[in-house]
Amino acid sequence: MIVLDTPASMKSRLVGAWKLVSYCVRTAGGDTHFPYGEEPVGLLLYTDTGYMSAQIMKPERARQHRPGTETIEELKSSYNGYIAYFGTYTVSEDSKSVTHHVEGSLHTWILQTEQKRFINLNGTTLILTAEVKSGLKTRLHEITWKRVE
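FYI, in the working numbering the residues of the sequence shown are 896 to 1044.
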């Protein structure tokens, strides 16, 4: 009997926990910036049952001292320096993409949306990219993750 190895599906390769390595945004003009700092912190989870959760944090946010005593600047720094959402996901093997179907989020603008990301998966490194259009400008978001589980 001959047994042929078949490559694992993209979805099965995504399942697990991923630690954030970098998050950069590139403009059409060639500028690069890091919205969550040069050493962001984050965790991305994909389950084999189709659920996902993503958390990304800028570590140098303003520190809050006691609940209920935050200044507007501290609250603004906390809010703008953190993104978190969860929901389900689907994978397209043909387009090598994953779509996050957002059910809950810290930021209300992302609720009930579909966030499509293109997948570049090489060993334990996952790079998710998305083109984001704002008016006439297009930016490329590139998020790099390292498998931890």
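None of these hints come from the bench; they were simulated from the model. Ideal Cβ positions, reconstructed from N, Cα and C, are used throughout, including at glycine. Among the hints, erroneous ones may be present.
EDC-like cross-link-like pairs, simulated, lysine to aspartate or glutamate; straight-line CA separation at most 16 angstroms [to be verified]:
no., residue 1, residue 2
1, K1032, D926
2, K906, D943
3, K1011, E1044
4, K914, E933
5, K971, D989
6, K914, E934
7, K1028, E1044
Label pairs and their in silico Cβ distance ranges [claimed, not checked]:
no., residue 1, residue 2, range
8, S904, G963, 26 to 32 angstroms
9, E998, K1041, 22 to 28 angstroms
10, E988, T1020, 17 to 23 angstroms
Hints that the structure is at odds with (numbers, increasing): Violated: hints 3, 5, 7 and 8.
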